[in-house]
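Student: Both chains are given apart, each in its own frame, so use the hints to dock them into the complex.
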Amino acid sequence: MALKQYTWLIGFCLTIAFAGYSAAQDTSPGVPVEKLHNALLAAMRTGPETDCAGRYELLLPVVRQVFDFDLVARLAVGRFWRRFDKSQRAALKNAILDMSTATYAQNFDSFTGERFTTVSVDRPRKNKAIVKTLLITAKGEKVDLDYICRLKADGWRIVSVSAKGVNDLSMKRAEYTSFLKTHSLDEMIEKLAKKVKKCTRGPS
Amino acid sequence: MPPENRKKIDAFLGAWVTAAGRHAAAVVVSALIFSALVLYYLFTGHLGIITNDADLLSGRLHYLQVKRAFNRAFPQLTDNIVIVIDGQTPDLALDAREKLAARLVSRKNLFASVYVPGGETFFKKNGLLYLSANDLQSLADHLATVQPLLAELIRHDNLKGLFSLLEQAVKADQDAQGIDLEPVFSKIADAAAALLANRFYRLSWIALMNGRSLKQADRRQFIIVQTIPDYSSLLPGRRAMHAIRKTVRTLHLDSSHGVRVRLTGSVAMAFEELQSVMRGAKLAGILSFVMVGIVIFIGLRSPKMVLATVLTLLAGLIWTAGFAALAVGHLNMISVAFAVLFIGLGVDYAIHFCLRYRELLQSGESAVPAMRRTAESVGSSLVLCAFTTAIGFFAFIPTDFSGVAELGLISGCGMFIGLAATLTLLPALFSVLRFDLPPAPAAAAPARRSPLAFFTAHAKAVGIGALIAAAGAAALLPQVRFDQNPLNLRDPASESVATFRELLKSDNSPWSLKVLATNEKQAENIIRRVKGLKPVKRAIFINDFVPSNQNEKLDIIEDLSFIAGPVITEAPPHQTDPGDAARILALHDFLKSLAGHGHTLRSRPAGPAAARLADLLARIVQHLENADRAAAHRLLRRFEASLLGSLPGRLEALRLSLQASAFGIKDLPHDFLPRWKSPSGAYRVEIFPRGDMANRRTRIRFIQAVTARVPQATGYPVVIYEGGKVVARSFLQAFGYSLAAIALLLLWIMPQRRDAVLVLALLLMAGILTGGCMAILHIPLNFANIIALPLILGIGVDNGIHIVHRFRAAGSRTPALLQSSTIRGVVFSALTTICSFGNLAVSPHPGMASMGQLLSIGILASLACTLVVLPALLEDSRKPETAGR
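Chains D and R are the protein sequences, given in the same order. One point on numbering: in numbering that gives the first Met the number 0, the residue at position 115 of the first sequence is 114, and numbering is uninterrupted. One point on numbering: in numbering that gives the first Met the number 0, the residue at position 549 of the second sequence is 548, and numbering is uninterrupted.
What the hints contain is simulated information worked out from the structure, not anything from laboratory work. Glycine residues also receive a C-beta, built at the ideal position from the N, C-alpha and C atoms. Any given hint could turn out to be false.
[What the hints assert, rightly or not] Listed next, the in silico BS3-like pairs over lysine-lysine satisfying Cα-Cα at most 25 Å (straight line):
id : chain 1 : residue 1 : chain 2 : residue 2
1  : R       : LYS170    : D       : LYS163
2  : R       : LYS504    : R       : LYS533
3  : R       : LYS124    : D       : LYS127
4  : D       : LYS34     : D       : LYS141
5  : D       : LYS34     : D       : LYS163
6  : R       : LYS123    : D       : LYS125
7  : D       : LYS127    : R       : LYS123
8  : R       : LYS123    : R       : LYS98
9  : D       : LYS127    : D       : LYS34
10 : R       : LYS170    : D       : LYS194
11 : R       : LYS123    : R       : LYS107
12 : D       : LYS92     : D       : LYS196
13 : D       : LYS141    : R       : LYS170
14 : R       : LYS214    : R       : LYS123
15 : R       : LYS520    : R       : LYS665
16 : R       : LYS513    : R       : LYS665
17 : R       : LYS214    : R       : LYS186
18 : D       : LYS125    : R       : LYS124
19 : D       : LYS180    : D       : LYS85
20 : R       : LYS520    : R       : LYS533
21 : D       : LYS127    : D       : LYS163
[Stated by the list, open to error] Label pairs and their computed distance ranges (CB to CB):
id : chain 1 : residue 1 : chain 2 : residue 2 : range
22 : R       : GLU569    : D       : ARG82     : 32 to 38 Å
23 : D       : ALA162    : R       : LYS536    : 45 to 51 Å
24 : D       : LYS163    : R       : ALA610    : 27 to 33 Å
25 : R       : ARG106    : D       : ASP69     : 52 to 58 Å
26 : R       : ASP588    : D       : ASP69     : 40 to 46 Å
27 : D       : ALA162    : R       : HIS622    : 35 to 41 Å
28 : D       : ALA89     : R       : THR517    : 55 to 61 Å
29 : D       : GLU48     : R       : HIS622    : 56 to 62 Å
30 : D       : GLY46     : R       : LEU195    : 49 to 55 Å
In isolation and in its complexed conformation, chain R is listed as follows (with noise of 0.2 Å):
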């Protein structure tokens, strides 16, 4: 740029400064009007946040294509909240999951639909049919040898009931035919155990009823239930998250009743992660506030001086979210970071500016033309820095990763509204708080030599040591890898992400992929084409929800009840209390007969259950002795709960399985069915994946298994593994554009083009460091942090710009540049710089925390490089000019 053209800029710099200094009332005046407007658009609701982390990228894009097209088929597979219940025992997680989907199907106004996967009457009449033949024969056998406990317990439903049989079963010395007493005294005994610690218990009849194992799934529950998006609220879903947690609350259904109730699913997920980053924003908000008043009261030291910035920095900050809601109208998970880098980048101008000042003033000039003056002087070099910095962020606008855009057109806008801020009511600001200082005195101290100094001294060695570093920091960079799960940005600690990651490890994984297919042929195709693969562990549609073999099912689900007997069948008979006196006779002879049949018993498995047994029971009796009246009745109908509490569902359920019918697609419930297969007859085939999803290794290999047979393939893994690719492309180009643009810039306005070339390799060196740095850190790149690369390259060329220009100024001597106000102004900006990053870094968001680290580690190596480097090479640089020092 000719010089005259940078003249004239300073020129008009300088005037605009001045008229603000003079008309500083009105300026002020009409900054806080302005201001309260903006306001007030901002709380009636034009600024959204919106948490889907899906929109984050473009919707042009066609696998996002894909996706829309499969959602709008199957709309109930969107927008859910997954209740997951988990119970000691599979009775308890059924019965709570009965009792609370049915007081949340009665809430119609919060929710579209409330889904209980196996919980449809339909299910629970034809579940028996998804067995196999065999499965069921076995069960029938089973059945028989139960029957009569069964049948007893059901004539009689109390302690007496059930301790009159054992001990018949005992008398009978039924272990020797073959019925198995052991798991029934253990379970009893666990019963007794559980009443004489006071610790609730229920025992499990499903076990005893099924004869066989129970693995962990088997005591897991779902409910699923569809949100009425509220689009007007701030955090959507809260009102669906508070009424279904009221409604868990209301009905005990927590650990001291044997079960574990918690929400996971996109709806609650996005809502936790808005909790997490708002919490960790007003934190980091607030905090990156006062450390950098702090620094700046440091730097400054001037109250006035402090007060100033800080009141201009905040009315940058509520203009700059203006212009948010008016371009854009919302924030998304990324661009809240706004503020923290508002406030970091933008008290720089008014750092420089202060300080340069202030230097002006000590020397002696007066207010005004001190002013003109620190205008004239850094004023070109803030409105360069503000187009480095804003090229930054503006990099991302033409890319894919519309998320970042946002911020990048907010935060890059948010530099100019800055600047304007700090020529025009800065100045303005100092003349109505008639900010004044007195010069310095004349016989000034010596000046000190500036540690820097020592660099300058040896700067062939610093050269060399610079290339050292940066050649090992780039040996190290292959090693940065890019973290494409967006469920590692999310609080670990949150209960929603938590259970999805124990969802993940489980045989449902929520992270299947879906294929959209138009017809049935089509489906079975598809299914055809995956089935064998390794990484798949099975791939369904909605046929595989008929079962084969009916008809010779059906006719063994009839022997079954013909062998369970009109007692399981029918409902139960009615009833005579035999009081609390009976029970406690019942418990005695129990124990008389295991007494009795000691010597047999032992020598049988159910022995050492048996001995086991005894023991409790008899502490009972005599916690029974001892006790009153009314806490002897406490204490028997809290063991009788305990024991046949789980009894009348199990029964319910097995009457019900009984009652089983041949069906076919049509028969299918009808909230079941369209999630199959939707109303315009489009099939829905899920592919389920063998290993953790969350692991990146085994995700890949899934995803690249499917999608090589079936390309439109769609799902969650799909969209992130897609998404990461597009991310990682707009990466590129952002970096290629923001460096071009800025070598560009440099090299059109630097009077000297060797300064140019000198503050991009600088520039490269710190962003090499900065890689080496997150190498060795550990740290990834994620969708989160993949805009602190360009932007790093934007702020750190600010530094050098500040340090080139002084230097050329101060006659390319470098002692008068270390001494200068523009390396106080270099630090302390970096200073301010990282203390607002620094803030994000300890958010509990992983995602806003990685920003914040790889902004400081960024910012630190780009210093560095100005501070230690740039003065050694400059230095350098001067020695063909002169005649040595």
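One chain only, chain D, in its complex shape (with noise of 0.2 Å):
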């Protein structure tokens, strides 16, 4: 074999090998969940020392790691997203994803002995899989968590949360796809922001 035909097979291998590495750092979709329960977690034990707004930026980068904000945003308006352009589309990601941020920050403020334990993971199908966790609280109370997650090209992200069997997304739907029926986009978005300022402005 040629040198030439040598080396581009030798890097061929090595990019294979490369993406593969990185690709198994998220093979299993667990993995997104409990990145995101340390999050919390994390989060959750600075309570005293930092407010709202000081969770709210410890919580972000995760929860834009491990959360598919495209397929949210898209699920969340239905038939609207068609309307949408580029930017607007984007400008409604970032809403969801900065309000989801506000709400954990929101409700995980403080901690009282509370640990995550995940249950099972099933895939139905390739791309999908349902991850089942307990939320424990000191006192022994159990809360069913259970998490839909996509496997996209760069790994494992998390769709939707379902509390006790209610599942978020729909309350997104049920919510955002009657007030588009009224409202414009912008008015949406501006009263997603609300709730962020609650958190990044308000108090604890």
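Tutor: The following block contains the structure:
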């Protein structure tokens, strides 16, 4: 074999191996879920010292990384997605990202002995997984948290969270599609932003 | 016919009858043995009954061949029982269908196939692909709003879960957030009201989960069962139908469980038609026998004579049935009437014979010579009458209407058999029974003037009156219509027919037109040709069962499964039963929350529903508190079943439907595909009509529009349309044949040409009068009674023959005619005929009833013409020959 082709072949194999290596980081659907849970625990633990804005800053990069907001945004507005152009869609996606992070920051504000356990990981399809976890409080109460994850090019991402069976994605869809029937996208983004402002500007 | 020949025939008949009388015992015994043999032959299955009305017309006809070709390609579409399931709610109909289909599928020995339209797992999985992308988005939107409700109900599927959920909803004032509580409250209130009234109720989750309003069609489901034809049974389809009805009863699929199951389809309709025909025929047969017996008793006045006549009639009937078994092998829905026709007509020979015999005995003759002279005087008339009546029957044999042709053959030959019995067995029985009659006292009372003398006295007026009546009736003739819908011949009260009529008005008319296309391109062509036509609702073939835009839709369906969440897409989690106390507590708490939020609720759309619900629930809670533990437990469980009973089935359906995947024609289920594409590669195109096909105009418009573009269309509507044309043609042919044959016969036999013309003219007049009566009484011609008109020719002419023959024999003197036994004979034979046909007229089978009505009217018309007009015209015709009275 000529030298040129030989080096090409080696380079090809190395690329594959490298890609495989980084993919191996996220081969388990449980990984993003664990990352999220760890970040939430960390946010809770910072409780007394930080306010909502601080927790928001802490959680934002993780939430951005583990969730698939492209899909979340499309699913949340249904048939309205078609009407939005690229920049509108990007704006919506960011608004939802910010709002979700702010919600987490507000709800997970102090640590009193909670822990998360992963109960099962199912893959009903090649690119879809259901991760069942439990949030166990110090008193021993258990809350089911089920995550639906989707396998994207760069790994698994969370699409929806169901607490006690109630799916947050459904609630978003119901709320947003009904709102968009009588309001514009900008108004909705503004509404979402209000929630974020409550966290980043208001008291903890 | 030269008089010498006539005399020779008379002499022969006289000799025959005398011989029968002399060897009476031998004749009677051999008649008995012969009858027994024939009965044995009949009851060992040589005479079947066929019920397929499409077989009533000749198989040579082109449109029937097209139909047969189609049936060969798609045999699953024939011999079906269609099970129609109607539920109070769509949920109930679906659940009932699942249960029933599962049971029926296991009975492989009874059913060739059990097909559930839309019920295959394949369609349950991929059903969502048939919705438009827009509808799917709407479904996703709606599912999003009810997802929290469903999630809670799945995890706690009991009353506690439900009412805790509702309590939360009220407290959170979810109405304000766009979740519509009004339908939920309203439906639960309905369930509560039904519980208090001890009525059956199931809350429909389909309505709540789909979010759109429901149509009647949504509450109806079908199962199509193809039977294994059981030709050995007299009632094919009986076993299958009994099995289905028994299964329905075992599964409690009845109105007290919110479901109604009915059977229709070709097998069911044929079965119930046969039942109604047999019911009617049995009753009619017995009644006509009894009534005829009474009439001849009044006419003949001697029990021995009546007995002899009845026995002769019975023997003739048996022998005719034997002939039917030998010559044809089966009876169809029309030829079953032969028995009644035979009784009514066959007895006439005996009546004329007996009355003449009695007349001769009373005038002093002794038995044996009187017998001979009876045969010599009425014998030839009877033979002529047998021929004319038989001609009326035989006239249908050369036509394509094989159903009536068979009746014609059987009844026509029956006339000769009846005559033979009358001339052979009757004299023998008189001899054996030692029938005797004292002669009438010498000084007979002066003969009373016959009431009919009135008409002969005013002959001219009668003649003119008759012409006016005939003209009037002729004017009405165009109003007589032909009803070519065999459905109208069936008992409308029977379940199969009533259900079928309902289906004809629905969106999925069973009377669609079908076309056999040799390849895909031809199928597409056909659809293109008929699609835009106004009477056509839609035209489909197998490609229409593969939805378009599958990839786009599959994306939305995947979105649906994300929105539904694992709680719905996965199997339900294990639960512990909270117990009765927890349930009652949940009810209490919910009521409290309603009361507490009363002021906010009142102003919302859900306000009135909430108030009604609160009231009803309070009453239920009171019942629970007053009842003992066992009763309270039962009440709670009933309430729970009524509210949540339909939910598991719907969740399972939703779960399945989220598993949709892309498919093409070759992926279609294996019992579905052959119904639309035959193994040889032929395609079925189905063309559905707009409107009710039981309506004649709608039906003809549809047929004509489609066949103009697609001449090879077949299907039941085309079959009966073409069939109607064939029958009308056959009728005209038959009428023509019989009229011509009878006219020739009369002209040949009757000594005076003038007499023959007179009889024929009156015959025609009787026919016109009958037509006029039909127009006035709105009785249509149809497949069943079409035989009546040529028959009336053949029967009606008999009266004329007897009258004229007697008139001439009596020296052309009208008074003698009017006093003679012949008049009595004509009256009584007409009465017996009407008694037998009249009983047909009250049959529950509309087809047989119309035959009876038409024949009765025809006989009456003929009687009127013969008794009123004929003597008058005969009297009138005398005038030039005599020098006045």
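Student: Between GLU569(R) and ARG82(D), does the beta-carbon spacing fit 32 to 38 Å?
Tutor: This hint holds: roughly 34 Å between Cβ atoms.
Student: Between the alpha carbons of LYS124(R) and LYS127(D), is the straight-line distance 25 Å or under?
Tutor: The hint holds at about 19 Å.
Student: Given the hinted pair LYS214(R) and LYS123(R), is their Cα-Cα distance within 25 Å?
Tutor: Cα-Cα ~20 Å, so holds.
Student: Confirm or reject the claim that ALA162(D) and HIS622(R) have a C-beta distance inside 35 to 41 Å.
Tutor: Holds - the Cβ-Cβ distance for ALA162(D) and HIS622(R), about 37 Å, lies within 35 to 41 Å.
Student: For the pair supplied as a hint, LYS520(R) and LYS533(R), confirm whether the alpha-carbon distance does not exceed 25 Å.
Tutor: Given pair LYS520(R), LYS533(R) holds - Cα atoms ~23 Å apart, limit 25 Å.
Student: Need the status of pair LYS125(D), LYS124(R): alpha-carbon distance at most 25 Å?
Tutor: OK: LYS125(D) and LYS124(R) at ~19 Å, within 25 Å.
Student: Mind checking the alpha carbons of LYS92(D) and LYS196(D) for me, to see if they're no more than 25 Å apart?
Tutor: 17 Å, holds
Student: If you draw a straight line from the CA of LYS520(R) to the CA of LYS665(R), is it 25 Å or shorter?
Tutor: Holds, at roughly 17 Å.
Student: Please verify whether LYS123(R) and LYS98(R) have alpha carbons no more than 25 Å apart.
Tutor: Satisfied, since the Cα-Cα distance of roughly 16 Å is no more than 25 Å.
Student: Given a hint of 49 to 55 Å, does the C-beta separation of GLY46(D) and LEU195(R) actually sit inside it?
Tutor: Because 54 Å falls inside the window, the suggested range holds.
Student: Holds or violated: are the alpha carbons of LYS34(D) and LYS141(D) at most 25 Å from each other?
Tutor: 20 Å, holds
Student: Could you grab the alpha-carbon distance between LYS127(D) and LYS123(R) and see if it respects the 25 Å cut-off?
Tutor: 22 Å, holds
In this structure, none of the earlier numbered hints is contradicted; all agree with it.
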